[in-house]
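Peer 1: Listed in order, the protein sequences are those of chains A and B. Here the first sequence stands for residues 1 to 412, numbered as in our numbering. Here the second sequence stands for residues 1 to 304, numbered as in our numbering.
Don't take each hint at face value.
Stated by the list, open to error - To give an idea of the interface, some chain B residues facing chain A are shown, with a C-beta separation under 8 angstroms as derived from the structure:
id : residue
1  : P32
2  : H49
3  : M53
4  : T54
5  : E57
6  : V170
7  : Y196
Claimed, not checked - Derived SDA-like pairs (lysine to any residue); straight-line CA-CA distance at most 20 angstroms:
id : chain 1 : residue 1 : chain 2 : residue 2
8  : B       : K152      : A       : T24
9  : B       : K152      : A       : L364
10 : B       : K15       : A       : T24
11 : B       : K48       : A       : H64
12 : B       : K15       : A       : L16
13 : B       : K283      : B       : L58
14 : B       : K15       : A       : L42
15 : B       : K15       : B       : A25
16 : B       : K15       : A       : G36
17 : B       : K289      : A       : H64
18 : A       : K396      : A       : R244
19 : B       : K15       : A       : L37
20 : B       : K15       : A       : D129
21 : A       : K396      : B       : L14
22 : B       : K15       : A       : L364
23 : B       : K48       : A       : I135
24 : B       : K289      : A       : R18
25 : B       : K289      : A       : T290
26 : B       : K48       : B       : P32
27 : B       : K15       : A       : G301
28 : B       : K152      : A       : R14
29 : B       : K15       : A       : A32
Worth flagging that the hints you see were computed from the coordinates, not collected in a lab. Ideal Cβ positions, reconstructed from N, Cα and C, are used throughout, including at glycine.
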Amino acid sequence: MQTKADSHWVSYPRFLARALWSATDGGVTFYAWMTGLTAIALVGAHAWATQVAQGMALTGMSDHVSWGLYIANFTFVVGLAAGGVMMVIPAYLYRDHDMHDVVIVGELLAIAALIMALLFVVVDLGRPDRFWHLIPLIGRFHWPISMLTWDVVVLNGYLLINLHICGYLVYMRYLGRTPDPRWYVPFVMISIAWAISVHTVTAFLYGGLGGRPFWNTALLAPRFLASAFVTGPAFLVLLLQIVRRVTTFRVPESPIRTLIAVMRVTVLVNLFMVFAEVFTAFYTGGAHATAARYLYFGMHGATGLVPWIWSAVALNLFGAVVLLVPALTRRTALLDVALVGIFVGVWIEKGMGLIIPGFIPSTLHEIVEYVPSLIEWRVTAGIWALGLMVLTIALKVALPWMQTAPAHSHDG
Amino acid sequence: MSESQDFVSRRTMLKTAGATLGAAAFARALAPVAEVVEELGAEEFLQKHYREMTPAELEVVLRRIEADALENYGAEVHVRDVRPREGVQFGYALNLSVCIGCRRCADACHRENNHDRRTNQSYIRVLEMQQGSFDMEHGDATYDHAVPQPGKYYMPVQCQQCDNPPCVDVCPVEATWKERDGIVVVDYDWCIGCRYCEAACPYHARRFNWEAPEIPAEEVNPDQAYLSNRIRPQGVMEKCTFCLHRTREGRLPACLEACPTGARVFGNLLDPSSEIRWVLANKRVFVLKEELGTRPRFFYFFDE
Ligand code: SF4
Ligand code: SF4
């Protein structure tokens, strides 16, 4: 029924060109922001290139601690991607209309976080040139036995789902049409289940290793989800406030309130699970608790993670207190500080605090510590910068169009 | 109207310039990678998995590896493809009563397997253990005093060639697998270097090439096999292979030959007259971390 004029062959390339134009158009602040991010990304790219050329000996990792800052960040950003879904659930399952208007922000966050997650895996490979060995059918995909192959499937799948939803909604707005729910609502429902599976599979990556008692616990997957549902909303609330300041996009108040309400619960659940694990480890003691002892108190003079984890505990507790006292939550500045604190706290707890003690003591009970090298910090900063660039551009393209649409025309 | 068009085209120009600049800067930043890619060569890049290569294809690869060794290390080497033999299942046993912790085995492994000289790498770690304790937490693998010390005993640990190897399960690209004779191997030209297997191994048996190994030409062991002691590329995983280039041809592992006390026993588990079968039948034998269900083929025993 399509006339020649609105054939997708014509309008889609136009849409892309238009998107490219608006993605690169902005004021001085925008250019300064993007230039700054580009600079950091460049430093990271160069650091990674050097690492590929000279070998991973440039990192702080060793045969004892074979995963470090990269996989720590990978784990965290997968959580961030899964946490993005916390806007989708109220919007589509509970038909929260105000949430509907901003839900795309959560999906765009998921896209940026997933790209970062995939990059963190790539920079951790000793032989990135052999990446194609991992492609199903062309390489030798060890599915379903290897948990890493499951992770490849769920991460890329989640990325595709979110790209489809966002791309479709924005394109329809560009065309000035009402999005057809049949083309996105089923995918939104899938994305909810998928978000949970993404983080569960990532937890199983570690939880399935019998030789690493620190990870070999059934609580790992639930803990991952709880913390994801803390960081996702925390980031989104901060992001929505920024969007409100620097764009003309209308951000209603109620989605922010809903996200904070969600966090009130998840922050407690997360803390409770940490506490349950600490109790099991320290009350019984013995060999299974050695990694936890190293993490929280250090061991035989090795105390590398102690300051990290206690700052994480402090930040999380502080954040929890602010969130749980309604009077404090209403003070925007304090709330923002608390959200940043929680974000950083979980970044430590789900990153360095989770990955590194899995290797210390080693399986032969040797204590070899790990400190990330400058190269690793540079690469990590570069990927974060790139992730923020992706997020900025995505928001820049999507938001103006999302706003032009008549309100609630896309009831799910 | 024309003014605004002017504005648009000027903007476009600026944007294009910006994008070009950014892209160029990224290309510059990534320059070190380009050098590596140049060195790599299409043939190596497209090389198939060991188990998918025809004998002719494998032949080409073996010669290329020899040429690489000559070019990069100045060493004339011979690289073979040694397959498992029918009716052979390898097993290893170690007598903790007589091991004195001298680490000659570790040193022999270092030389036999062309390990990096700078890091003094070896597939074997020897733990100095407290008498009367089995707790590895009280062991020490980095001692540097005269041995044996009173009140201590010594426990060398290397790949246990598990019958249910977690390292093989986790590998996302099947770069590591268990051979018919029970030896767990790595295709060094297929491994992507994710180090998941290193995290999965409960015996700290795997080693990663954090950089290309350094070995003086005159110290390179020229007797090499594709799946065992050839010089490994940078960025890939490696491990003990029970010296398959020797043992599959009826010789003994280098670590066993080097042991001055005769603590080590190696052989075919399917041969009822082998020494290893005698040990398994007559000694009190145990395996490490039995509770993990890895089913090691490496056994420990005491004389009494
Ligand atoms: S000891 Fe480690 S490397 Fe060897 S087979 Fe078992 S799990 Fe794999
Ligand atoms: S490091 Fe190599 S052998 Fe080990 S799991 Fe990764 S790809 Fe497989």
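Peer 1: Decide, hint by hint, whether the structure agrees.
Peer 2: Hints, verified against the model:
Restraint check, P32/B versus chain A: the minimum CB separation of about 4 angstroms is within 8 angstroms; hint holds. Checking H49/B against chain A: minimum C-beta separation of about 6 angstroms stays under 8 angstroms; hint holds. This hint is violated: M53/B has a C-beta 13 angstroms from the nearest C-beta of chain A, more than the 8 angstroms allowed. Taken as an interface hint, T54/B does not check out: its beta carbon lies about 17 angstroms from the nearest beta carbon of chain A, beyond 8 angstroms.
Residue-level restraint check for E57/B is violated (minimum Cβ-Cβ distance to chain A is 16 angstroms; threshold 8 angstroms). Look at V170/B: its Cβ gets to within about 5 angstroms of chain A, closer than 8 angstroms, so that hint holds up. Nearest Cβ of chain A to the Cβ of Y196/B: about 6 angstroms, under the 8 angstroms cut. The hint holds. In summary, the hint linking K152/B to T24/A is not supported, as the alpha carbons are separated by about 69 angstroms, beyond the 20 angstroms threshold.
As the CA atoms of K152/B and L364/A are separated by approximately 17 angstroms, the hinted pair is consistent with the 20 angstroms bound. Proposed proximity of K15/B and T24/A is supported: the alpha carbons are some 7 angstroms apart, at most 20 angstroms. With a C-alpha separation of about 30 angstroms, the suggested pairing of K48/B with H64/A is violated against the 20 angstroms cut-off. Restraint check for K15/B and L16/A: satisfied, since their Cα atoms lie roughly 16 angstroms apart, inside the 20 angstroms limit.
Restraint check: the Cα-Cα separation between K283/B and L58/B comes to about 43 angstroms, which exceeds 20 angstroms; the hinted pair is violated. Using a Cα cut-off of 20 angstroms, the hinted pair K15/B and L42/A holds, with the two alpha carbons roughly 19 angstroms apart. Of the supplied pair hints, the one linking K15/B and A25/B holds, its CA atoms being roughly 15 angstroms apart against a limit of 20 angstroms. Of the pairs offered as hints, the one joining K15/B and G36/A holds, with about 16 angstroms between alpha carbons and a cut-off of 20 angstroms not exceeded.
Among the hinted pairs, K289/B with H64/A is consistent with the structure: their alpha-carbon atoms are about 18 angstroms apart, no more than 20 angstroms. Proposed proximity of K396/A and R244/A is supported: the alpha carbons are some 13 angstroms apart, at most 20 angstroms. A C-alpha spacing of about 16 angstroms is found between K15/B and L37/A, which places the hinted pair at or below 20 angstroms, so the restraint holds. In summary, the hint linking K15/B to D129/A is not supported, as the alpha carbons are separated by about 32 angstroms, beyond the 20 angstroms threshold.
About 19 angstroms separates the Cα atoms of K396/A and L14/B, which keeps this hinted pair within 20 angstroms; it holds. As the CA atoms of K15/B and L364/A are separated by approximately 57 angstroms, the hinted pair breaks the 20 angstroms bound. Annotation: proposed proximity of K48/B to I135/A holds, straight-line Cα distance about 14 angstroms (limit 20 angstroms). With a C-alpha separation of about 62 angstroms, the suggested pairing of K289/B with R18/A is violated against the 20 angstroms cut-off.
For the given pair, K289/B sits about 17 angstroms from T290/A by alpha-carbon distance, which is consistent with the 20 angstroms threshold. Our distance criterion of 20 angstroms between C-alpha atoms is broken by K48/B and P32/B, whose separation comes to about 26 angstroms. At most 20 angstroms may separate the alpha-carbon atoms for a hinted pair to count; K15/B and G301/A exceed this at roughly 55 angstroms. Note on K152/B and R14/A: the hinted pairing is violated, with a Cα-Cα distance of about 77 angstroms set against a maximum of 20 angstroms.
Proposed proximity of K15/B and A32/A is supported: the alpha carbons are some 14 angstroms apart, at most 20 angstroms.
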